[in-house]
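These protein sequences, in sequence, are chains S and F. Numbering of the first sequence is given in my numbering, commencing with residue 1 and proceeding in unit increments. Numbering of the second sequence is given in my numbering, commencing with residue 563 and proceeding in unit increments.
Derived from the structure by calculation, the hints contain no laboratory data. Treat the hints with care, as some may be off.
No farther apart than 27 Å at their CA atoms in a straight line, the calculated lysine-lysine pairs in the DSS-like style are these [claimed, not checked]:
hint	chain 1	residue 1	chain 2	residue 2
1	S	502	S	481
2	S	427	F	571
3	F	609	S	426
4	F	578	S	550
5	F	659	S	207
6	F	659	S	426
7	S	547	F	577
8	S	462	S	504
9	S	547	F	571
10	S	268	S	426
11	S	268	F	655
12	F	577	S	552
13	S	268	F	659
14	S	108	S	550
15	S	550	F	609
16	S	547	F	609
17	S	550	F	577
18	S	152	S	301
19	S	552	F	609
20	F	578	S	301
21	S	108	F	609
22	F	654	S	547
Cβ-to-Cβ under 7 Å is the rule here; a few derived chain S residues that face chain F [what the hints assert, rightly or not]:
hint	residue
23	133
24	168
25	554
All values reported here derive from a predicted model rather than from experimental measurement. Beta carbons: idealized from backbone N, C-alpha and C, even for Gly.
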Amino acid sequence: MAQSIIGQVHPVSITFFFLFVLSTLCITYWAAKRTRTTKEFYAAGRSITGFQNGLALAGDYMSAASFLGIAGLVSTKGYDGLIYSVGWLVGWPIIMFLIAEPLRNLGKYTFADVVAYRLKRMPIRTSAAAGSLVTVLFYLIAQMVGAGTLIKLMFGLPYEWAILIVGCLMIAYVLFGGMLATTWVQIIKAVLLLGGATILVIMTLSKFGFNYGALFGSASEKYGPEFLQPGGLVTNPVDAISLGLALMFGTAGLPHILMRFYTVPDAKEARKSVFYATGFIGYFYILTVTIGFGAAVLVGKKVIMAIDKGGNMAAPLLAEALGGHMFLGFLAAVAFATILAVVAGLTLAGASALSHDLYVGVFRKGQANENDEVRVAKFATVALGVSAMLLGLLFKGQNVAFMVGLAFAVAASANFPALLMSIMWKKFSTKGAVASIWTGLILATGLIIISPTVWVDVIHLKEKTAVEKQTADAEAASKAKIEAVAADTKAIEDEKAALAAKKKELASQMPQALFPLKNPGLISMGAAFLIGILVSLLSSEPEAQDKFEKEKLRAYIGIGAE
Amino acid sequence: MNVKEFNFKDDADFKKLSGQKSTVSLVLTVLELVFYFGFIGLIAFNKPFLSSMLTERITIGIPIAVGVIVMSWILTGIYVYWANNTYDELVKKVRDKVEG
């Protein structure tokens, strides 16, 4: 293979990137003239069709981390990467069956509208906004740091510059073009990403006579049959179920995803959009997994891991190997576009929690005129965008991988239970909702801090690496000793016993997490439901129960829906 | 007849509509949970099964994982098919009654 140009500023990728930026800025200019009212700013005037929204949902959800990350995970770990990708899809049917239509019929701009519909506005808006903001902020930090790192890796652009470019562009899209511009950025990105990945898969499969069996056969020939078998990713069943719950129900509690359902005219289009989105996202993960296996065979684990230990450059390397500099440049620009579309959606969702839920719903007690609310929403956009850039700079070089897991855990524990119970359960009360949201929020955040993910791998990383190094050193020293004494079985036994004792001693020095699960989903979501139910039963709210019966006509038929 | 006067709670069509919607949503949700957590369960408790060879070159775990993705999409398709045909008919019926 020719010398890789990954990590260099290359005219092809720059050209593609400028074309993307230029076209999205033109769209923003066009959208700006159609973004004056709150309905236009938050919901694109409800003018998006089900198919368009399906693409935009996919564009909002398929992050660069999932494209490059899953391809990388598959290329280095094989089957375990495939297990991971399944988890990212299974939340979508849940959104369809339980959430999409009542959400669209009962709400206006944010999911907090639905929870607050028949409960007391002030306490609900405050708590729901807190849940939304925490989810959005952690997701945003992970995306910004990921963006800076990936762009540096791909284009060789300094980290700070990458953050600055991403931040300014996302602010421009949202500030001037609102939801309409954000939607079209997401649609264009989804088409580019799905198209680019499809071409890459066709090129990959052409090397194997379009036969998946041949691709998998070569992979297991090269790396052994274990490459196609479940390995070390799932060792503890409770851990696996906890992560699975967080991924599945977290997807159904992501504010930027839920918000997209208000861009379509009615529940029927909302339902269609989930069908399209699930299809596109599922197709995308199947492509990504294929790309991962292709990269493992055609590029090789060693080459991939030499550039980036996490395997993130598997897809770009494969693109370069099969399609040359031209195709790599295209794919690099697509990865950049992918990041932009996701952060723009997040910023808009965060801004609407600040302006629609907090400013209008709490501070102004639900009374604010259109112009005022749009102005505050735009101010919130700038404030949030600038904070995202600052946080991106602050967390440079930090391990932020856990933040995506945390965002999903909070979404599954604080947002989803309250939303589901307010839709489904007549006796759900204001106090129950507030207690449920805060229980989920505090438990998810608190438990993840004392979990192995953060307590050991982030806070006590130094101790962990030190112990690991000492263990490795002790093993090496002992191996050398055993070789030196050669045939003396007694000495070998003694040495082995000494090593075991030493290892045991070192293991006791290993930092221990205070909470055993890597993802708290099982406990925090379970507790949020339990507390929500208990408190609701103890604080009966006849008025809310009465309204529940009345809202049924709107929830099911859509009469009176906005 | 306007919205407030219409007693939809006792309306046969509305009862049918809300009952069917709950049943369909519940059944499909349970199916999705069974598919996904069944898959997780296999990984946790029966790795040898997933590792067994389906053909000479592919382990059975690969089509099962891809199957969970494809089945998830098919389930959403089933829901949309049901909703576009059966559910929307009932919605129209009730809507006509309410709006007169």
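Provide an ascending list of the numbers of those earlier hints which the structure does not satisfy.
3, 5, 15, 16, 19, 20, 21, 23, 24, 25
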